[in-house]
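**Student:** Given next are the chains, with one letter for each unit.
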Amino acid sequence: MNPLDRYESLVDDVDAFRAACDRPLPSVVRTNRIAATPARVREAFDEAGVAYEPVDWHDGLFRLPDGNPGGNWPYVHGWTHGQEEVSVLPALALDPQPGERVWDACAAPGSKTTQIADAMDDEGTVVANDNNLGRLSALRHNAERLGITNSIVTNQDARNFSTKPLAFDEFDRALVDAPCSCEGTCRKNPDVLDQWTLDHVHAVAGIQKGVLARAVQATRPGGVVVYSTCTFAPEENEAVLDHVLASEDCELVEFDLPLETDPGVTEWDGETYDESVTRTKRVYPHRNDTGGFFCAKLRVGGESDESGDAVDREVAA
Amino acid sequence: MSDDARSAEVDAPTNDGQQFDRLPATPADREVEGRASREEVLDWWEERFEIGREVFAEYSFWEKGAGKVWIFNGEATDPSEVEAVGMTFLRTRQEHWKPTGRAVSRFGARATKNVIELDPEQAATFAAGDDQDIPEWDGDWGYLIATHEVAGESVPIGVGLYLYDELRSVVPKGSRADLPVVE
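As you go down the protein sequences, you meet chains A and B in turn.
Numbering follows numbering that gives the first Met the number 0, with no gaps: position 154 of the first sequence is 153.
Numbering follows numbering that gives the first Met the number 0, with no gaps: position 104 of the second sequence is 103.
Because the hints were derived from the structure by calculation, they are not lab data.
Some hints could be false.
[Unchecked claim] Cβ pair distances, simulated, as ranges:
(1) A/Glu-250 / B/Asp-28: 45 to 51 Å
(2) B/Val-180 / A/His-201: 49 to 55 Å
(3) B/Ala-127 / A/Arg-62: 23 to 29 Å
(4) B/Arg-109 / A/Glu-7: 54 to 60 Å
(5) A/Thr-36 / B/Val-31: 38 to 44 Å
(6) A/Glu-270 / B/Glu-74: 37 to 43 Å
(7) A/Leu-132 / B/Asp-164: 42 to 48 Å
(8) B/Asn-14 / A/Asn-188: 40 to 46 Å
(9) B/Glu-182 / A/Thr-36: 20 to 26 Å
(10) B/Glu-53 / A/Glu-270: 57 to 63 Å
(11) B/Pro-119 / A/Asp-21: 37 to 43 Å
Beta carbons are placed, not taken as given, at the ideal position from N, Cα and C, and that holds for glycine.
Model the full assembly from the supplied sequences, consistent with the hints where possible.
**Tutor:** What follows is the structure in C-alpha cells.
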C-alpha cells in the first residue's frame, strides 16, 4: 500500500496533498553565516551565472532550479550547505543562543548541527551525537567544510547517552531530529514510500520515545527540547510526545514557525493523546510547496537556576 | 614490569591516539614529547601568514593522533574521549607544519603574508586538485594560502605547496571540485 493513503483523513485537501507529494522538490541551499552573508552568496551566484530563487520565509535559503548545489564557488568556500527547506525548521524552533550548551542527539549528517552552530555564532558548545559511525564521518566532513569550531562529536546510542565525556552534565537545549519512516521526504526520494512498513513505524517509535526521554532528562530545568521528524505518522509524532509527557517532567509549549502549519492531532487509529499535542506543528507538502515535516517544542520542568528559563527569555526578547 | 619501569611510564606521558589532549601553554609546560605548545602554534601562524595571535585568543588547541592539531571554541574535558573536538587545524610533528585547508578557509582571509592570488583559470585548476606552473611567484617556498577574487573580495580557497616554480594543490580528494572558470 501507499502509506500516504492513511493520512488522507488528516488533511483538508486530499487532492492538493497527493499532487504536491508527487512533484519533485528543487535543490535548496542554506547560507552558512559563519562564512558569508546571504547578500555575498547572491553576489557570487550572480557573478558565476548560477540561477537561484529566494525563499520568501527565510532570507538565508536559495532554491537552485538547475540543481547541482555543490558545483559552484560559494559551496566550495563553505558559504552554502545543501539542505531541504523544511529541514531548517527544527533549529529555528530550538533557537539556540551564543554561549549555550546544546545537544543534537541524532545529528548525522549534520545539516541541523551546522545550522545550530551558525545560530550560536560558533560560540558555546554543540554536542553532535549519532550512533552510526559511518554517518558521523559525513557529519564531520560537513562541519569542517562549513568551518564549525564549537562542536564536539560523539558516537553513542542517544537513548542512554552519557555526559561523562563532556565538561558539563546538562544542556540548555536539545534537538531530537529522530530517525523516522520519512514519508515527508517522498518528493526527493519516492523509494521511501515503497520501503514503508507499519512494523518499522512501531519499531522506530520505540527508539524515538527512548531518545526523546533521554533528551528531556539531559536538559536543565527551564531548558528547551525540540522534537522533529519527516514523517506524517502520528505513531511517530504525537504518540511519542504523549508518551514522554506522561513519563518525564516536561510540557509542550506554543511556538511560531515562519510558514503555514497544521496543529498536531489528538486522535489516531483508536488512540487519544494529551490535548497539548495540538501545540505541535505538522507541515504538509501542499501548504507551502515543501517536503513534509513535524515539529514540537518542549519546556523541561522544574525551577530554572540563575541561567534563566530559555522559553521565557525568548518570549521576553 | 618492574616498579621503576612503571613509574618511568607515569613520569613520561606519551601521545595517545585515542583521545584529545589540550596543548600545553608553552614549551616549558610540555609533558608529552614532541607535542606542539599553544605558544608555538600562535607563533607559527603569525610568522608564516601574519595572522595575529589575537585572532585565536578565544580558541583552545588539542592534539589527537600524531601531530594533528584541532581548534575548538567550546567547553571540553582534558583529555576528551570523543570523536571530534572542533575542527582540524594544523599538522605538526613534521619539519614543515601544514595548515589544513579548512583552517585556511576559516581564518586565511586575515593573512597578509604567503598568500598567492590566483586568476580565474588558475583558481579552477587549483580547486580541481591539479598542480600548475606559476614561475612569477617571488615569495617564500612552502605552504601558501591560495586565494581568488569572488565578487570583489579576495577569498581563500585552500593550501598550496609552492616548490620549483610550481604550485601544487593539496586540496584533499573529497574536497576537490570541478568548477567553471568565473571571469
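**Student:** Hints first: check each against the structure and report whether it holds.
**Tutor:** Hints versus structure:
Take A/Glu-250 and B/Asp-28: their Cβ atoms lie about 49 Å apart, and the range 45 to 51 Å holds. B/Val-180 and A/His-201 have their C-beta atoms about 54 Å apart, which keeps the hinted 49 to 55 Å range intact. Distance hint check: the CB atoms of B/Ala-127 and A/Arg-62 are about 27 Å apart, consistent with the given range 23 to 29 Å. The beta-carbon spacing between B/Arg-109 and A/Glu-7, approximately 57 Å, falls within the hinted interval of 54 to 60 Å.
Take A/Thr-36 and B/Val-31: their Cβ atoms lie about 42 Å apart, and the range 38 to 44 Å holds. Distance hint check for A/Glu-270 and B/Glu-74: the Cβ-Cβ separation is about 42 Å, which falls inside the suggested range of 37 to 43 Å. Evaluation of the 42 to 48 Å hint for A/Leu-132 and B/Asp-164 yields a pass: the beta carbon distance comes to about 43 Å. One distance hint, 40 to 46 Å for the beta-carbon pair B/Asn-14 and A/Asn-188, holds here, with the actual separation near 44 Å.
Against the hinted window of 20 to 26 Å, the Cβ-Cβ separation of B/Glu-182 and A/Thr-36 comes to about 24 Å, which satisfies the hint. As the Cβ distance of B/Glu-53 to A/Glu-270 is approximately 59 Å, the hint placing it in 57 to 63 Å holds. For the pair B/Pro-119 and A/Asp-21, the beta carbons lie near 42 Å from each other, so the given range of 37 to 43 Å is met.
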